[in-house]
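Under the numbering used here, the final residue of the sequence shown carries the number 472; numbering is consecutive throughout.
Treat the hints as calculated values from the structure; they're not laboratory data.
The reader is advised that the hints may include incorrect statements.
Pairwise CB distance ranges (calculated) [unchecked claim]:
#1 Arg404 with Pro270: 24 to 32 Å
#2 Gln414 with Asp305: 34 to 42 Å
#3 Gly452 with Thr343: 37 to 45 Å
#4 Pro403 with Asp323: 16 to 24 Å
#5 Asp400 with Asp239: 55 to 63 Å
#6 Pro403 with Trp286: 26 to 34 Å
Below are the DMTMM-like pairs computed for lysine to aspartate or glutamate, each with C-alpha atoms no more than 20 Å apart in a straight line [unchecked claim]:
#7 Lys261 with Asp420
#8 Lys261 with Asp411
#9 Lys251 with Asp239
#10 Lys261 with Glu375
#11 Lys261 with Glu392
Where is the CB? At the ideal position from N, CA and C, for every residue including glycine.
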Amino acid sequence: MKRFPAIHMIPAAALGMILSCCACQSAQDLPWYEDTDRLWKDYMAAVEDAKEATVEEMDPDLAAIISPEESPLAEWLERDGRTFVLVGSVMSGEDSRYWENGSGTDSGFILDDRLPWVTLPYDLTAKLQSAETQSEDAGIEMRVIQMLGLPPDCGYDRIVFFWAEKDSLFRPAPDPEIYDREVLLDFRNDVDPRYRAWFEDYRQTAYFSDTPYPWTRLGYTYDWNAETGTETGPAEFIVRPGTRVIVQDILCVPEWYRTAIR
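All chains should be built: construct the whole structure from the sequences, respecting the hints.
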């Protein structure tokens, strides 16, 4: 007669603990940039925090766009009597095709009705250099996404560098001037009512849409990496529609990062 080994029953409570430990171990084994639950938890905490802007959160030394003499770290271009400044915008490969179609000419092209959110290359580079260095492509992409206050699943893996007319830029803050180094928490009396209407409308979109954003309204991006100890990312600007832009380069984010972050 065949004898079968005894089956030892595991109490339900103990089984629950084992499964829980296995799940914890599995999450711990994931690279930080693949830990989706943690990434979304940190991101949504940033969105909630960004809803209220305070004096304590203001950056008194924002990157400013003034002139080649007064903003020497920015890159400048003079063409046809117009002053251009180099900016960078991170986006998906699909979105970058729009810029590819407009590249290859010295004269550039006229921007359509999109509103590119941009940073100054030197400012973004400096912020990333002060953060922990990443080596894996996916880690690099996620760290840049965090630094720019973008959602974890946006899939942005391209960075487009282009020249934009200086006067076409504004800060997405109550005072949109680009030439000062600190913003105001409230609107001045002389602010354009059309800008104020756009600002208030975007406030609702940023915080309460299906995919909300941690918009600081303080002139800088929200770096939602919970390990850094600071939420202050690089200064951010928006390029107005209808302005002339000249594409300098379109790169994969890891390719650019490894060159810039040395």
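State the violated hints by number, sorted upward, taking the hints as numbered earlier in the document.
Numbers 2 and 10, in rising order.
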